[in-house]
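With the sequences and hints as input, model every part of the structure.
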Amino acid sequence: MIKISVRPLLKRFLFIGSMMSITTASLSANLPATLFPLDNYDQSVVTWLPPTDPDYHKPLISSQLQQRRMKELYQHLFSTAPDAMSPWSDNFVNAILAQHPGLPELESSLLKRFSNRDKDPAHINYAENFRPYSSEWIDKIANNIQTNYPSSFLKKQRAIAVKNTSIRLLPTSRASFYSYEIAGQGYPFDNLQVSRLWAGTPVYVFEYSKDFRWALIAAPAAIGWVEAEKLAKVDDAFISRWQQAVQVNLIAITDIKVPIFSVSKTYQFSAYIGTIFPLAAVRKNNYTIFIPVRDTTGRAQIQPALINHQYAEKMPLAVTRANFAKLFTKLKNRPYGWGGLYNYNDCSAELESLFRPFGIWLPRQSPDQVYMGKIEDQTSATPTDRIAYLREHGRPLMTIVYIGGHIFLYVGNYSQNGNATSASTNVMTYQDIWGLRPSDDSSRAIIGQSLFFPLLLAYPEEPNMVSLAAKNYFQVSYLDQMPETPINMPARFFSDL
Numbered sequence: 000m001i002k003i004s005v006r007p008l009l010k011r012f013l014f015i016g017s018m019m020s021i022t023t024a025s026l027s028a029n030l031p032a033t034l035f036p037l038d039n040y041d042q043s044v045v046t047w048l049p050p051t052d053p054d055y056h057k058p059l060i061s062s063q064l065q066q067r068r069m070k071e072l073y074q075h076l077f078s079t080a081p082d083a084m085s086p087w088s089d090n091f092v093n094a095i096l097a098q099h100p101g102l103p104e105l106e107s108s109l110l111k112r113f114s115n116r117d118k119d120p121a122h123i124n125y126a127e128n129f130r131p132y133s134s135e136w137i138d139k140i141a142n143n144i145q146t147n148y149p150s151s152f153l154k155k156q157r158a159i160a161v162k163n164t165s166i167r168l169l170p171t172s173r174a175s176f177y178s179y180e181i182a183g184q185g186y187p188f189d190n191l192q193v194s195r196l197w198a199g200t201p202v203y204v205f206e207y208s209k210d211f212r213w214a215l216i217a218a219p220a221a222i223g224w225v226e227a228e229k230l231a232k233v234d235d236a237f238i239s240r241w242q243q244a245v246q247v248n249l250i251a252i253t254d255i256k257v258p259i260f261s262v263s264k265t266y267q268f269s270a271y272i273g274t275i276f277p278l279a280a281v282r283k284n285n286y287t288i289f290i291p292v293r294d295t296t297g298r299a300q301i302q303p304a305l306i307n308h309q310y311a312e313k314m315p316l317a318v319t320r321a322n323f324a325k326l327f328t329k330l331k332n333r334p335y336g337w338g339g340l341y342n343y344n345d346c347s348a349e350l351e352s353l354f355r356p357f358g359i360w361l362p363r364q365s366p367d368q369v370y371m372g373k374i375e376d377q378t379s380a381t382p383t384d385r386i387a388y389l390r391e392h393g394r395p396l397m398t399i400v401y402i403g404g405h406i407f408l409y410v411g412n413y414s415q416n417g418n419a420t421s422a423s424t425n426v427m428t429y430q431d432i433w434g435l436r437p438s439d440d441s442s443r444a445i446i447g448q449s450l451f452f453p454l455l456l457a458y459p460e461e462p463n464m465v466s467l468a469a470k471n472y473f474q475v476s477y478l479d480q481m482p483e484t485p486i487n488m489p490a491r492f493f494s495d496l
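FYI, our numbering numbers position 89 of the sequence shown as 88, with every residue one higher than the one before it.
Rather than coming from a laboratory, the hints here were simulated on the basis of the structure. The reader is advised that the hints may include incorrect statements.
To be verified - For lysine-lysine, the following DSBU-like pairs were computed, each having C-alpha atoms within a straight-line distance of at most 35 Å:
| # | residue 1 | residue 2 |
| --- | --- | --- |
| 1 | Lys111 | Lys209 |
| 2 | Lys325 | Lys283 |
| 3 | Lys264 | Lys162 |
| 4 | Lys325 | Lys162 |
| 5 | Lys57 | Lys325 |
What the hints assert, rightly or not - Label pairs and their calculated CB-CB ranges:
| # | residue 1 | residue 2 | range |
| --- | --- | --- | --- |
| 6 | Val281 | Pro437 | 46 to 56 Å |
| 7 | Ser239 | Asn147 | 24 to 34 Å |
| 8 | Pro482 | Gln243 | 28 to 38 Å |
| 9 | Asp495 | Thr146 | 13 to 23 Å |
| 10 | Asp54 | Asn115 | 54 to 64 Å |
| 11 | Pro303 | Pro50 | 33 to 43 Å |
| 12 | Ser172 | Ser134 | 13 to 23 Å |
| 13 | Pro437 | Pro58 | 39 to 49 Å |
| 14 | Asn463 | Asn147 | 45 to 55 Å |
| 15 | His392 | Asn471 | 15 to 25 Å |
| 16 | Leu455 | Ser62 | 33 to 43 Å |
| 17 | Tyr266 | Ser172 | 16 to 26 Å |
| 18 | Asn115 | Val281 | 48 to 58 Å |
| 19 | Gln243 | Thr265 | 17 to 27 Å |
From the three backbone atoms N, C-alpha and C, an ideal C-beta is built for every residue, glycine too.
Structure below.
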């Protein structure tokens with residue numbers, strides 16, 4: 000068991016740099032965490048998705064269903080049709096503005112949440128230097144927020160992200176942590192971080208901060224504050240041209256940290272799996288894509304950019320084991336990134352990124368993602384029966400499981416040598432997970448990465464940790480079937496109020 004000490008880090012950094020880099024130093028008992036050993040867990044993609052499988056190139060869903068999913072993706076990202084759910088759609092924006100409680104109540108509740116006035120010790124907000132925030136800090140943020148929220152959709156408020164950026168609960172780039180002495184708190188869990196926003200994503204701007212450095216936006220699956228300079232305004236002409244290009248063809252990034260340059264060789268941003276762009280042309284070694292660029296007036300202009308074939312593919316990718324294997328090869332073993340921190344993924348962002356190249360749109364948050372397929376709720380079942388259900392009824396790579404605060408992908412049933420056999424074999428999952436916890440929630444066994452991980456009743460390395468099959472929820476969702484009721488994202492944005 001590896002204990003983790005804080006004091007040496009405090010002396011060197013005043014910030015918990017990365018818990019993934021901590022070695023065998025003897026550390027303070029105040030930090031309730033150990034590192035979960037992964038030596039016995041095979042992370043070779045070919046073990047779990049062997050190319051010798053006769054179904055390796057067989058589609059997992061029909062072409063008709065994939066086209067329905069592509070249409071759904073377009074509706075959530077780019078459409079301005081009357082029934083659209085895109086930030087460029089008056090239907091979507093007006094539905095958000097009609098929510099009660101809505102934006103005013105959301106901002107008010109967040110300011111109270113991040114104030115340290117009259118807070119119990121478990122909910123004190125700490126800065127990066129481990130010191131509690133002062134009242135002046137939250138008051139300064141509150142005084143920078145405009146409160147004259149619009150009552151209806153305004154075309155002039157439509158925009159698009161021109162750089163990758165973070166979506167924040169309040170207009171500040173400062174982090175806010177609960178005490179690191181509380182299991183599962185402290186770094187990397189910045190409570191102000193909502194998500195990352197990829198370049199090329201449509202947004203709607205509700206309001207700007209008083210200093211105009213921040214914009215309160217609706218993205219397709221998140222609401223929050225982003226740096227205003229990372230956005231550019233769009234008009235009808237831009238949207239029409241962008242939509243036309245998207246409907247001709249889309250390109251999906253299939254690698255990590257791919258630099259995107261304009262044709263004049265000016266660096267624009269780095270693209271990651273989950274980012275998509277309109278395709279302009281196919282050349283011998285490169286794709287020409289369209290990217291949005293902010294001009295000197297703050298408006299978006301469409302410019303071509305080049306990307307090598309090895310880093311991207313035309314959408315939608317065929318939903319096959321072979322293509323999942325390609326994406327797993329790039330995504331696995333990356334550090335866990337809460338809310339998209341450092342452009343890494345957390346559990347739901349990993350699935351969102353993984354399914355995007357196939358044209359399957361998933362919302363950003365795990366409680367919402369489960370509603371994107373047909374749900375079979377196994378919450379009332381015992382942990383043993385839950386695993387048995389997934390073993391017998393799971394559809395490899397098309398089944399996601401929500402367990403309350405976490406979500407993972409069912410890969411298949413495998414024996415120790417990786418071959419699918421009888422019902423007595425293990426259930427293999429793919430997930431991006433921070434760690435395991437005991438029943439009293441007093442500590443964490445940190446995994447802290449994306450990986451292939453079996454669903455067991457207990458793990459021999461940490462037998463006191465609660466199985467992922469024993470959580471409060473066990474909702475199985477089949478993405479190869481459409482949901483019975485479409486998800487209402489405007490209502491989901493305020494579901495916690």
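Against the structure, the hints:
no.	hint	result
1	Lys111 <-> Lys209	20 Å, holds
2	Lys325 <-> Lys283	22 Å, holds
3	Lys264 <-> Lys162	16 Å, holds
4	Lys325 <-> Lys162	26 Å, holds
5	Lys57 <-> Lys325	15 Å, holds
6	Val281 <-> Pro437: 46 to 56 Å	54 Å, holds
7	Ser239 <-> Asn147: 24 to 34 Å	30 Å, holds
8	Pro482 <-> Gln243: 28 to 38 Å	29 Å, holds
9	Asp495 <-> Thr146: 13 to 23 Å	21 Å, holds
10	Asp54 <-> Asn115: 54 to 64 Å	56 Å, holds
11	Pro303 <-> Pro50: 33 to 43 Å	36 Å, holds
12	Ser172 <-> Ser134: 13 to 23 Å	20 Å, holds
13	Pro437 <-> Pro58: 39 to 49 Å	42 Å, holds
14	Asn463 <-> Asn147: 45 to 55 Å	53 Å, holds
15	His392 <-> Asn471: 15 to 25 Å	21 Å, holds
16	Leu455 <-> Ser62: 33 to 43 Å	37 Å, holds
17	Tyr266 <-> Ser172: 16 to 26 Å	22 Å, holds
18	Asn115 <-> Val281: 48 to 58 Å	56 Å, holds
19	Gln243 <-> Thr265: 17 to 27 Å	25 Å, holds
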